[in-house]
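One line per chain: the protein sequences are A and B, in this order.
Take the first sequence: its position 99, counting from 1, is numbered 99 in my numbering, and each next residue is one higher.
Take the second sequence: its position 241, counting from 1, is numbered 1241 in my numbering, and each next residue is one higher.
Rather than coming from a laboratory, the hints here were simulated on the basis of the structure.
None of these values were measured; they are calculated from a predicted model.
Some clues are possibly wrong.
[Said to hold, decoys possible] Some chain A residues judged to face chain B by a derived CB distance under 7 Å, without partners named:
{"hint": "1", "residue": "Leu26"}
{"hint": "2", "residue": "Tyr28"}
{"hint": "3", "residue": "Ala33"}
{"hint": "4", "residue": "Gly155"}
[As the list claims (entries may be wrong)] Chain A regions said to be covered by chain B (calculated; three or more residues, Cβ under 8 Å):
{"hint": "5", "stretch": "51-59"}
{"hint": "6", "stretch": "139-147"}
[As the list claims (entries may be wrong)] Simulated pairs of lysine to any residue, SDA-like, Cα-Cα distance not exceeding 20 Å:
{"hint": "7", "chain 1": "A", "residue 1": "Lys134", "chain 2": "A", "residue 2": "Tyr163"}
{"hint": "8", "chain 1": "A", "residue 1": "Lys51", "chain 2": "B", "residue 2": "Lys1288"}
{"hint": "9", "chain 1": "A", "residue 1": "Lys55", "chain 2": "B", "residue 2": "Pro1033"}
{"hint": "10", "chain 1": "A", "residue 1": "Lys178", "chain 2": "A", "residue 2": "Pro146"}
{"hint": "11", "chain 1": "A", "residue 1": "Lys14", "chain 2": "B", "residue 2": "Ile1030"}
{"hint": "12", "chain 1": "A", "residue 1": "Lys51", "chain 2": "B", "residue 2": "Ala1017"}
{"hint": "13", "chain 1": "B", "residue 1": "Lys1184", "chain 2": "B", "residue 2": "Phe1167"}
{"hint": "14", "chain 1": "A", "residue 1": "Lys134", "chain 2": "A", "residue 2": "Gly40"}
{"hint": "15", "chain 1": "A", "residue 1": "Lys178", "chain 2": "B", "residue 2": "Ile1247"}
{"hint": "16", "chain 1": "A", "residue 1": "Lys55", "chain 2": "B", "residue 2": "Ala1028"}
{"hint": "17", "chain 1": "A", "residue 1": "Lys162", "chain 2": "B", "residue 2": "Met1005"}
{"hint": "18", "chain 1": "B", "residue 1": "Lys1224", "chain 2": "B", "residue 2": "Leu1293"}
{"hint": "19", "chain 1": "A", "residue 1": "Lys55", "chain 2": "B", "residue 2": "Gln1027"}
{"hint": "20", "chain 1": "A", "residue 1": "Lys162", "chain 2": "A", "residue 2": "Pro146"}
{"hint": "21", "chain 1": "B", "residue 1": "Lys1024", "chain 2": "A", "residue 2": "Lys178"}
{"hint": "22", "chain 1": "B", "residue 1": "Lys1024", "chain 2": "A", "residue 2": "Glu22"}
{"hint": "23", "chain 1": "A", "residue 1": "Lys51", "chain 2": "B", "residue 2": "Ile1247"}
{"hint": "24", "chain 1": "B", "residue 1": "Lys1200", "chain 2": "B", "residue 2": "Val1116"}
{"hint": "25", "chain 1": "A", "residue 1": "Lys134", "chain 2": "B", "residue 2": "Glu1007"}
{"hint": "26", "chain 1": "B", "residue 1": "Lys1024", "chain 2": "A", "residue 2": "Lys134"}
{"hint": "27", "chain 1": "B", "residue 1": "Lys1200", "chain 2": "B", "residue 2": "Phe1167"}
{"hint": "28", "chain 1": "A", "residue 1": "Lys162", "chain 2": "B", "residue 2": "Thr1004"}
{"hint": "29", "chain 1": "B", "residue 1": "Lys1224", "chain 2": "B", "residue 2": "Val1192"}
{"hint": "30", "chain 1": "A", "residue 1": "Lys14", "chain 2": "B", "residue 2": "Phe1167"}
{"hint": "31", "chain 1": "A", "residue 1": "Lys51", "chain 2": "B", "residue 2": "Pro1033"}
{"hint": "32", "chain 1": "B", "residue 1": "Lys1216", "chain 2": "B", "residue 2": "Leu1232"}
{"hint": "33", "chain 1": "A", "residue 1": "Lys162", "chain 2": "B", "residue 2": "Ser1011"}
{"hint": "34", "chain 1": "B", "residue 1": "Lys1216", "chain 2": "B", "residue 2": "Asp1251"}
{"hint": "35", "chain 1": "A", "residue 1": "Lys134", "chain 2": "B", "residue 2": "Met1005"}
{"hint": "36", "chain 1": "A", "residue 1": "Lys14", "chain 2": "B", "residue 2": "Gln1027"}
{"hint": "37", "chain 1": "B", "residue 1": "Lys1184", "chain 2": "B", "residue 2": "Ala1172"}
{"hint": "38", "chain 1": "A", "residue 1": "Lys51", "chain 2": "A", "residue 2": "Ala4"}
Idealized CB from N, CA, C, for every residue including glycine.
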Amino acid sequence: MSDAAEMLCERARKGDGAAASELVTLFYQRIFAYLRRLSGNDEDAADLTQKTFAKTWQSLASYQRRSSFSTWLHGIAHHVYLDWRRKRSLGDSQSDEWWETQAADAPTPFENAAERELAHQLYRWVDELDDEKKQAVHLHYYQSLPVSETAEVLGVAVSTVKYRLREAVAFLRARSAKAESRIERRIV
Amino acid sequence: MNDTMIESILSHAPSPAAPPELLKLLQAGIALPSAKPATARAREWQNPLRRWFPALGFSVFLLSCAVMIAVQANWSSNLKRQNETLRAATADLPQLREKHAAFENAQAQRDELARVRKDNEDLHKLQTEVAQLRGLPGEIQRLQDENRRLSESLSAKPVTAGGASFFDDAQAEAERIQCVNNLKQLGLALHVWAGDNGEKYSTSLVAMSNELSTVKILICPSDKARQAYTSLSFAQFQDNMTSYQFIAQPDDQQFPECITAYCPIHHNYLMADGSVQQFNPGKYREVKRDGRLYVEHINP
């Protein structure tokens, strides 16, 4: 997809609208999903997605190909989200119900209801992480960006991203251990 | 739950689906920057100034630097030439210094000479003045003798009676005028007092002391026997201490020509209307009518 995206991007830079349309088709779902998880509702996510692509077209001429188009696009989406959040002064906006709804609709690798419940719980704990770690988790795990691209999007060193991911996983492990011990005590 | 499991769960997080109309909106919102046609780009490069601007700019900069260096080199060589000229001009500086010192010495000697000449002139003037002053003691002696002679002649001459009479007359006239003035003030006091007391004159001087400024106006300056009373206050003063004959009666205001007071020394009369007149005793006489005193001409 990366090579195809680069080619489409090159065509779009030359003013090819069809190529730009194809780029939108390729990436809009991922960008929407990223912004939807962060913003907390469909309307804001749609607005932010439109802003992200509008900025993409504006900045297309300055795209230097130092990173992949996907990384560049995620970088724009990340900054659009930060601007929006700064203007609205929002805290964590994700709700538990949303995760449950999403988990019920989406196909999951989890076999039983207990595992699904555990996954819901895990996603909720991710929202409790501080912003830097949460962003790293969203980009690396949810958006499936490699660590190097995640670091590029966030504008930090690769080691920093690794550290943040490690800290986030440790936090989630600690939370899950605490929850399991509570369940065991209840059963006993 | 281990880390692998956590990472697996996170990697399989649900991906929310975008609204169906979002794709159309995004595609409609595509606004690509208009790419410049190749011909236009070529036309831009045809502008030689634009194309050669960096090279021209650098050349101009180099040229200006060269001009500045040339100007500075010229300036420097001029300064060097001037410096050499000045060095050549100052080669005989020690000799000039010696000449200057000799000139200053000569000037100082000339000033000294002028000062000595001036002192000499002053000395001559002083000698002339001394010669003039030597004749003065004789003159002083002569003036002293004359002065002595005049003083002796003055002391030998008796003072004439006419001189003393002149001063006495002036003194007497001044006292008479002062007496008239006293009586006028007395008349004014009588009128003021009457104004406050039903238009009736006071028959006592002490009673109307509030209208009199001082005791002095009740004593005639020619009445030497009573001058001691002038230092009294009204509290100590009595009607019989006055120099004047005070004969005012309460109804005198209706008889303006009658006498209310008079000075027996100067024959100054204060009339009931407030006027003061002086009558010559040789031509006028006092007469009493209805208990009031009048003055009338002896030969009407």
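Here is how each hint holds up against the structure:
1. Leu26: At about 11 Å, which exceeds the 7 Å cut-off, the nearest Cβ of chain B leaves the hint on Leu26 of chain A violated.
2. Tyr28: 6 Å, holds
3. Ala33: Result: holds, 4 Å to nearest chain B Cβ.
4. Gly155: Not OK, violated: Gly155 of chain A not within 7 Å of chain B, min 22 Å.
5. 51-59: holds (count 4)
6. 139-147: holds (count 3)
7. A:Lys134 x A:Tyr163: 12 Å, holds
8. A:Lys51 x B:Lys1288: Answer violated: Lys51 of chain A to Lys1288 of chain B is near 140 Å, above 20 Å.
9. A:Lys55 x B:Pro1033: 11 Å, holds
10. A:Lys178 x A:Pro146: Between Lys178 of chain A and Pro146 of chain A the Cα gap is close to 30 Å, so the pair fails against 20 Å, i.e. violated.
11. A:Lys14 x B:Ile1030: 13 Å, holds
12. A:Lys51 x B:Ala1017: At roughly 18 Å apart (the allowed maximum being 20 Å), Ala1017 of chain B and Lys51 of chain A satisfy the hint.
13. B:Lys1184 x B:Phe1167: Answer violated: Lys1184 of chain B to Phe1167 of chain B is near 26 Å, above 20 Å.
14. A:Lys134 x A:Gly40: With a Cα-Cα distance of about 14 Å, the restraint between Lys134 of chain A and Gly40 of chain A holds, given a limit of 20 Å.
15. A:Lys178 x B:Ile1247: Roughly 141 Å between the alpha carbons, so the hint for Lys178 of chain A and Ile1247 of chain B is violated.
16. A:Lys55 x B:Ala1028: This hinted pair holds, its Cα atoms lying about 14 Å apart.
17. A:Lys162 x B:Met1005: 18 Å, holds
18. B:Lys1224 x B:Leu1293: 26 Å, violated
19. A:Lys55 x B:Gln1027: At roughly 14 Å apart (the allowed maximum being 20 Å), Gln1027 of chain B and Lys55 of chain A satisfy the hint.
20. A:Lys162 x A:Pro146: At roughly 11 Å apart (the allowed maximum being 20 Å), Pro146 of chain A and Lys162 of chain A satisfy the hint.
21. B:Lys1024 x A:Lys178: 47 Å, violated
22. B:Lys1024 x A:Glu22: The hint holds at about 12 Å.
23. A:Lys51 x B:Ile1247: Violated. Lys51 of chain A to Ile1247 of chain B sits at ~132 Å, over the 20 Å cutoff.
24. B:Lys1200 x B:Val1116: Judged against 20 Å, a Cα distance of about 98 Å means the pair is violated.
25. A:Lys134 x B:Glu1007: 14 Å, holds
26. B:Lys1024 x A:Lys134: 31 Å, violated
27. B:Lys1200 x B:Phe1167: Measuring from Cα to Cα gives roughly 43 Å; hence the hint is violated.
28. A:Lys162 x B:Thr1004: 15 Å, holds
29. B:Lys1224 x B:Val1192: Roughly 29 Å separates the two Cα atoms, so the pair is violated.
30. A:Lys14 x B:Phe1167: 141 Å, violated
31. A:Lys51 x B:Pro1033: OK: Lys51 of chain A and Pro1033 of chain B at ~16 Å, within 20 Å.
32. B:Lys1216 x B:Leu1232: Given pair Lys1216 of chain B, Leu1232 of chain B holds - Cα atoms ~9 Å apart, limit 20 Å.
33. A:Lys162 x B:Ser1011: 16 Å, holds
34. B:Lys1216 x B:Asp1251: 27 Å, violated
35. A:Lys134 x B:Met1005: The hint holds at about 18 Å.
36. A:Lys14 x B:Gln1027: 17 Å, holds
37. B:Lys1184 x B:Ala1172: 19 Å, holds
38. A:Lys51 x A:Ala4: 23 Å, violated
Figure legend: structure checked against the earlier numbered hints; hints not met, in rising order: 1, 4, 8, 10, 13, 15, 18, 21, 23, 24, 26, 27, 29, 30, 34, 38.
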